[in-house]
Amino acid sequence: MSNNLRKRYLVSEGELFLLWAEIEQVRKQESREAFKQRIKVMMQEAQQVELVVKHKETPACAGDEKGGSHEQ
Numbered sequence: 000m001s002n003n004l005r006k007r008y009l010v011s012e013g014e015l016f017l018l019w020a021e022i023e024q025v026r027k028q029e030s031r032e033a034f035k036q037r038i039k040v041m042m043q044e045a046q047q048v049e050l051v052v053k054h055k056e057t058p059a060c061a062g063d064e065k066g067g068s069h070e071q
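In this text, residue positions in the sequence shown follow numbering that gives the first Met the number 0: the first is 0, and each later residue adds one.
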């Protein structure tokens, strides 16, 4: 006989569902841990930057050049 026999177990649908739910929970936990590890590595490799906002100089309006006063 071959040593590669498959083992078969009789389980209820409820037990199968619970097993599937546990497997999904483990997968999510592993994914979460892998994600946290990637974020941790990215934060360690990150370089600090400085954000500087420069105000754009606006040209003088045509009305300002004439003085803008209409009083007589």
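In case anyone wonders, no lab produced these hints; they're calculated from the structure.
Bear in mind that the values here come from a model prediction, so they are computed numbers and not experimental data.
Glycine included, C-beta positions come from ideal geometry on N, C-alpha and C.
Treat the hints loosely; a few may be bogus.
Said to hold, decoys possible - Estimated spans, in silico, between C-beta atoms of each pair:
(1) E29 <-> E56: 41 to 47 Å
(2) Q24 <-> H54: 50 to 56 Å
(3) V52 <-> L18: 36 to 42 Å
(4) K6 <-> R37: 33 to 39 Å
(5) R37 <-> L9: 38 to 44 Å
(6) S30 <-> R5: 26 to 32 Å
(7) L15 <-> V48: 39 to 45 Å
(8) V25 <-> A45: 29 to 35 Å
(9) Q28 <-> V48: 46 to 52 Å
(10) L17 <-> V52: 55 to 61 Å
(11) G13 <-> A45: 46 to 52 Å
(12) V48 <-> G13: 50 to 56 Å
(13) Q47 <-> E12: 52 to 58 Å
For each hint, the structure was consulted:
1. A beta carbon spacing of about 55 Å between E29 and E56 contradicts the range 41 to 47 Å that was offered as a hint.
2. A beta carbon spacing of about 53 Å between Q24 and H54 agrees with the range 50 to 56 Å that was offered as a hint.
3. About 56 Å separates the C-beta atoms of V52 and L18, a value inconsistent with the hinted range of 36 to 42 Å.
4. Between K6 and R37, the C-beta spacing of about 37 Å keeps the proposed range 33 to 39 Å intact.
5. Distance hint check: the CB atoms of R37 and L9 are about 42 Å apart, consistent with the given range 38 to 44 Å.
6. In this structure the hint that S30 and R5 lie 26 to 32 Å apart at CB holds, the actual value being about 29 Å.
7. With their beta carbons about 52 Å apart, L15 and V48 fall outside the hinted range of 39 to 45 Å.
8. Separated by about 30 Å at the C-beta atoms, V25 and A45 satisfy the suggested range of 29 to 35 Å.
9. Roughly 34 Å separates the CB atoms of Q28 and V48, a value that falls outside the hinted 46 to 52 Å.
10. For L17 and V52, the Cβ-Cβ distance of about 56 Å falls inside the hinted range of 55 to 61 Å, so the restraint holds.
11. Our hint of 46 to 52 Å for G13 and A45 holds, since their Cβ atoms are close to 48 Å apart.
12. The hinted range of 50 to 56 Å is satisfied by V48 and G13, whose Cβ atoms lie roughly 55 Å apart.
13. Distance hint check: the CB atoms of Q47 and E12 are about 55 Å apart, consistent with the given range 52 to 58 Å.
Hints 1, 3, 7, 9 from the list above are not met by this structure, while the remaining hints are.
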